[in-house]
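Enquirer: In case you want the letters, here they are:
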Amino acid sequence: MTTPGDVGSLLDLRAVTKSFLGVRVLDRVDLDVAPGEVHAVVGENGAGKSTLMKIISGGYAPDEGTVVFAGEARRFRGPRDAGRAGIGIIHQELALLPDRTVAENIHLGHEPVRRGLVDRREMRARTSALFASMGAGPVPADALVGDLGVAQRQLVEIAKALALDARLLIMDEPTAALADHEAELLHALVRRLRSQGIGLLYVSHRLAEVFALSDRITVLKDGRRVTTVPTAQTTTNQLVRHMVGRDLSGYYPGRADPGDLGPVRLTVQGGGNAKLRGIDLRLRAGEVVGVGGLQGSGRSALARALFGVTPFTSGVVELENRPIRVASPRAAMRAGIAYVSEDRKGEGITARQSVLDNALLAGRALGGAWTGRAARVTRMRGLLDAVDVRSAGTDQEIRFLSGGNQQKVVLARWLALGPRVILFDEPTRGIDVGAKAAVYDVVRRLARDGAAVLMISSDLPELLGMSDRIIVMREGRIAGQVPAGASEADVVALAMGAVAAT
Amino acid sequence: MQDTLPRRALPVRAGGPLPILAILGVLLVLVAIRQPDFLAPASLMSFLGRSAPIILLAAGQYFVIVSGEFDLSVGSLVTAEVVIAARLIDGDPDRTWPVMALVLVSAAFVGLVNGLITSWLRVPSFITTLGMLLILVGAVYLWSDGSPKGELSEQFRRFGRRAVEDVPVLGRVPYALLIVLLLAVLATVLMRSDFGRILVAVGDNPRAAELSGVRVGRTRTIAFVLSGCAAGVAAILLGGYSGVSFQAGSGLEFSAITAVVLGGVALGGGRGSVAGAMLGALTLELLFALMNFFGVSGTVRPAVQGAIILLAVAVSAARSPSR
Amino acid sequence: MSALSFRAARRTVPGVYLALVLTLAIGWLVVVLSGGTLFTQATVVSLLHVAAGLGLVAVGQTLVIIGGSLDLSVAYVVSLSTLVAAEAMNGSDTALLPGVLLALAVSAGIGLLNGLLIARTRIDAFIATLGVGLLLKGYLDSGYDGPAGATSPALVQALGYQRIGPVPMSFLLLAAVAAGAWLTLRRTRFGHHLLAVGGDPEVARLSGVRNDRVLVAAHVLCSLCAGLAGVYLAARLGSGAPRVGTEGIYDLESIAAVVIGGTALAGGRGGVAGTVGGVLLLAGLDAVFNQLQLDAFAKQVVRGVVIIGAVAVYARRVIGKGRS
Numbered sequence: 001m002t003t004p005g006d007v008g009s010l011l012d013l014r015a016v017t018k019s020f021l022g023v024r025v026l027d028r029v030d031l032d033v034a035p036g037e038v039h040a041v042v043g044e045n046g047a048g049k050s051t052l053m054k055i056i057s058g059g060y061a062p063d064e065g066t067v068v069f070a071g072e073a074r075r076f077r078g079p080r081d082a083g084r085a086g087i088g089i090i091h092q093e094l095a096l097l098p099d100r101t102v103a104e105n106i107h108l109g110h111e112p113v114r115r116g117l118v119d120r121r122e123m124r125a126r127t128s129a130l131f132a133s134m135g136a137g138p139v140p141a142d143a144l145v146g147d148l149g150v151a152q153r154q155l156v157e158i159a160k161a162l163a164l165d166a167r168l169l170i171m172d173e174p175t176a177a178l179a180d181h182e183a184e185l186l187h188a189l190v191r192r193l194r195s196q197g198i199g200l201l202y203v204s205h206r207l208a209e210v211f212a213l214s215d216r217i218t219v220l221k222d223g224r225r226v227t228t229v230p231t232a233q234t235t236t237n238q239l240v241r242h243m244v245g246r247d248l249s250g251y252y253p254g255r256a257d258p259g260d261l262g263p264v265r266l267t268v269q270g271g272g273n274a275k276l277r278g279i280d281l282r283l284r285a286g287e288v289v290g291v292g293g294l295q296g297s298g299r300s301a302l303a304r305a306l307f308g309v310t311p312f313t314s315g316v317v318e319l320e321n322r323p324i325r326v327a328s329p330r331a332a333m334r335a336g337i338a339y340v341s342e343d344r345k346g347e348g349i350t351a352r353q354s355v356l357d358n359a360l361l362a363g364r365a366l367g368g369a370w371t372g373r374a375a376r377v378t379r380m381r382g383l384l385d386a387v388d389v390r391s392a393g394t395d396q397e398i399r400f401l402s403g404g405n406q407q408k409v410v411l412a413r414w415l416a417l418g419p420r421v422i423l424f425d426e427p428t429r430g431i432d433v434g435a436k437a438a439v440y441d442v443v444r445r446l447a448r449d450g451a452a453v454l455m456i457s458s459d460l461p462e463l464l465g466m467s468d469r470i471i472v473m474r475e476g477r478i479a480g481q482v483p484a485g486a487s488e489a490d491v492v493a494l495a496m497g498a499v500a501a502t
Numbered sequence: 001m002q003d004t005l006p007r008r009a010l011p012v013r014a015g016g017p018l019p020i021l022a023i024l025g026v027l028l029v030l031v032a033i034r035q036p037d038f039l040a041p042a043s044l045m046s047f048l049g050r051s052a053p054i055i056l057l058a059a060g061q062y063f064v065i066v067s068g069e070f071d072l073s074v075g076s077l078v079t080a081e082v083v084i085a086a087r088l089i090d091g092d093p094d095r096t097w098p099v100m101a102l103v104l105v106s107a108a109f110v111g112l113v114n115g116l117i118t119s120w121l122r123v124p125s126f127i128t129t130l131g132m133l134l135i136l137v138g139a140v141y142l143w144s145d146g147s148p149k150g151e152l153s154e155q156f157r158r159f160g161r162r163a164v165e166d167v168p169v170l171g172r173v174p175y176a177l178l179i180v181l182l183l184a185v186l187a188t189v190l191m192r193s194d195f196g197r198i199l200v201a202v203g204d205n206p207r208a209a210e211l212s213g214v215r216v217g218r219t220r221t222i223a224f225v226l227s228g229c230a231a232g233v234a235a236i237l238l239g240g241y242s243g244v245s246f247q248a249g250s251g252l253e254f255s256a257i258t259a260v261v262l263g264g265v266a267l268g269g270g271r272g273s274v275a276g277a278m279l280g281a282l283t284l285e286l287l288f289a290l291m292n293f294f295g296v297s298g299t300v301r302p303a304v305q306g307a308i309i310l311l312a313v314a315v316s317a318a319r320s321p322s323r
Numbered sequence: 001m002s003a004l005s006f007r008a009a010r011r012t013v014p015g016v017y018l019a020l021v022l023t024l025a026i027g028w029l030v031v032v033l034s035g036g037t038l039f040t041q042a043t044v045v046s047l048l049h050v051a052a053g054l055g056l057v058a059v060g061q062t063l064v065i066i067g068g069s070l071d072l073s074v075a076y077v078v079s080l081s082t083l084v085a086a087e088a089m090n091g092s093d094t095a096l097l098p099g100v101l102l103a104l105a106v107s108a109g110i111g112l113l114n115g116l117l118i119a120r121t122r123i124d125a126f127i128a129t130l131g132v133g134l135l136l137k138g139y140l141d142s143g144y145d146g147p148a149g150a151t152s153p154a155l156v157q158a159l160g161y162q163r164i165g166p167v168p169m170s171f172l173l174l175a176a177v178a179a180g181a182w183l184t185l186r187r188t189r190f191g192h193h194l195l196a197v198g199g200d201p202e203v204a205r206l207s208g209v210r211n212d213r214v215l216v217a218a219h220v221l222c223s224l225c226a227g228l229a230g231v232y233l234a235a236r237l238g239s240g241a242p243r244v245g246t247e248g249i250y251d252l253e254s255i256a257a258v259v260i261g262g263t264a265l266a267g268g269r270g271g272v273a274g275t276v277g278g279v280l281l282l283a284g285l286d287a288v289f290n291q292l293q294l295d296a297f298a299k300q301v302v303r304g305v306v307i308i309g310a311v312a313v314y315a316r317r318v319i320g321k322g323r324s
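Just so you know, the protein sequences line up as chains A, B and C, in that order. The opening position of the first sequence corresponds to residue 1 in UniProt numbering, with each subsequent residue numbered one higher. The opening position of the second sequence corresponds to residue 1 in UniProt numbering, with each subsequent residue numbered one higher. The opening position of the third sequence corresponds to residue 1 in UniProt numbering, with each subsequent residue numbered one higher.
In short, the hints are calculated from the structure, not lab data. Treat the hints with caution; some may be incorrect.
[Claimed, not checked] Some chain B residues judged to face chain C by a derived CB distance under 8 Å, without partners named: (1) V123; (2) I127; (3) M132; (4) I309; (5) A314.
Virtual Cβ for every residue (Gly too), placed ideally from N, Cα, C.
Isolated chain A, as found in the complex (with noise of 0.2 Å):
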């Protein structure tokens, strides 16, 4: 076991700092890890994990701050920079390619070449070779990687990087998405390496795995480094801690009284699809219902199931006692369902038309009437000005404005269809403070005129802030529900599946 800074570091991290856009992500952090050690690092969603292991390898250069890589300061150029260095990143979205097999996805960049052509046999034994040496089960080289299962494609990747002859493996959440056995033989492979004297950066959700499998924890929140513990000397409720209790200064506006909870809007009973397993719920007129959980837990899957994106195959859903069924999002605002997604680049926005006819679109895309036009584009004229849009007019390009006028521009898209069920799914995300409080209100005014609200959201405090009950997903299923007032290690430790241990 080392200590910080100990002069036989593998890879030592001094003051790291990077901003986005004014924003900054990581704030002054240190971290090391030594040969044949495994560093968990653990935080929230956007403590700023995937920026700190992109630093690392090569993704993003620090701002300000040192990387040094096995007693030298580096500053990598790109992936395959930091790949040359020694430094091997597993991740979370596999990077391989389902069409090639095998031995062709580890050999890709570097393939061996015998008189001119690449050398198919020697690709083959090496590969054979790499999988000996992880002491994993034997995976075909020949096989296409696309008929293997996510088990086993993690292996590929684990591969793939050690056939650079990696030094420092980096792994983003390797068993996100593993069944339990799976994990427990990745578990077996992570041990195996370090034995081997490589050192491992283990990026995780599953606490228990992390207790079972590091040496060191490092906790990160907000971007800063909160504390690093040899993994003997703490436990689960510290780490807990750690990760939360930020104050909740935040501006909320006021929760709803249970008296005014108004006819029950939305039922789903049994609801499941590929990505959703018993989904049982139920939204009330006049309630914000919080939906907490890891990523890909299934919270945007159930938003997207509801509005009919990617339809629950099997359950009911009822509307306002009536059975519907969604089975597309036309069909899902026919009903009076509405959406806000999180990707407002990809799926919120039309980035070159206007204000104007962002806002409209939805309406537009439902009416065909030619009647009261004119009515509408004042009506929505006056809502973009209730939800406060700073714009040069109404007639700008909405891809000049900031993200949270572009959102606010999105609510007022849906606020004049006048939902009866509203999906919300993280309607903050990237916007500055003021447009938080503006977003904070429409959905709670939303609420007060007689909407069921469902909001996802990876910031607690918010979660907390605004609902008036909290479902929390893991695993594609509702793992539990805590009330208003609960705290931020309730939540967590539902998601994080910890509640065994507390």
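Position chains B and C against the provided structure of chain A, taking the given hints into account.
Expert: Quick look at chains B and C alone, frame taken from chain A:
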């Protein structure tokens, strides 16, 4: 991020008609220097009438391109309609109106087929419409045994070559010009309508449009139908002006695309105005007229069009480094 | 996890050959029932000649499509190449080799232009090659009214008409080029990188592939193949022909052959073997139509339908695959 936005100090809104008007102005000055009498009312009116078909095709192509697709079948569609009209009318004035209706309906139908194949069978539109080009040309040759049969009636041809006579100041105002002006107004009104705004939104971000309830496939199909209709009207004007031949519409799809690009419309969709596209067509025709004055052969037209397309796309690619 | 069984890599003969056999069988039946014969020496020879010209273009097209790109200028490159070759040779055998080399060099230059436009300025491949195609069309239209130049008699003899049994030399040339392309895709770094760039440019970049260079090289090779097809056609026709490429619809037909052969239009998947099958299928259809004495224009209509239909079938299949 603050609310004081990084507003770009562009004097002109990108995709607006100002740049094309500037180019048009420069060309007019050059024409005025080289061939002053071209700008006399009589020859100018005749030029505008001649340009009518390509202006219409540019408008039709605009609908398709702004929604994010391409229509490469319009040239062959014009040829097909001209040949069909000639054979069906066969010089009989009584058949003029029914055949004219048939020309428009069948052209719209071809557009509908293009749209359905592209939207519902997910065939890339350039393959759909190139395949349609083969089918139309083959079918027309097949049907007329290799050389055009019959002839157009005078009633049919007057739209393409007659004019309102003795108009003060202007002299002869070709019917074709009046038809283009009328359709230009209609097209502009259409683009300002809900449908028009939705069409552009589909070209800009089909995913966002779909999640706002837009029926993307249907919208694009309508664009193809509009392009087909434009080709039908262009066929009537062109057949009237220059008569029946298998070359009637050849290469016009490229002229239309060039005109649209010249008019500031983004290939790939989401930006540009129908007025710009039509002005682009006028500019292209004026450029060809100018080349003619300078004794440049008309056979280099494709090369000029290719250069314009590459230049315009490269300029817009350079302006938006993201993507 | 080792308990899972694996399918062997799908490197078996593409399904297009089944379609080819079926097409020929049905075609044969129809021809026989209408009182003709399909598999005479003459029809086979002409089928293979048709396949040679289209095949050379399609093999090149395969390379760019696998790389996620596209080339719509090939038809004009074919025409230009016949002219360059025939005019340089000017009927003399001594100028045979310089003529061929010049034609190929010009073609490669056009490929370089295509590749640079697409890789460097990020212009959409469809638009870039359309624009370059129009440039060439303008040159051809303004420079030539009809056939020009004269192919060296030796080349006409060797490449245009000589054959071994029923197999023309030109088809052997196609076989050699296809084999070369097959080997390139399967056994060279460039081939591996090309498949990666077409499959997922980001993954390729992260793995250290120089995407731009790979794409430019693919376009040069594609145009070289089209240029070679032009040389063959010059040998077949005895002179340069400014419209031969467009009249042969080599642009659309080559893309269709590639797609029918199982190469994904989006890139990253497919191969030359399938393309050759697609070429033989299209040439086979052509032979059947000829034997049925189908009108040339009717043939064109059917071609259009077949091309759209084939792409529609494959588009459906790819979507179905993506959903599962």
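Enquirer: All hints are to be evaluated individually against the structure, with a verdict given for each.
Expert: Cross-check of the supplied hints:
1. V123: 5 Å, holds
2. I127: 5 Å, holds
3. M132: Holds, because the Cβ-Cβ distance from M132 (chain B) to chain C comes to roughly 7 Å (cut-off 8 Å).
4. I309: 4 Å, holds
5. A314: Holds: closest Cβ of chain C sits about 5 Å from A314 (chain B), inside 8 Å.
The earlier numbered hints are all upheld by this structure, with none contradicted.
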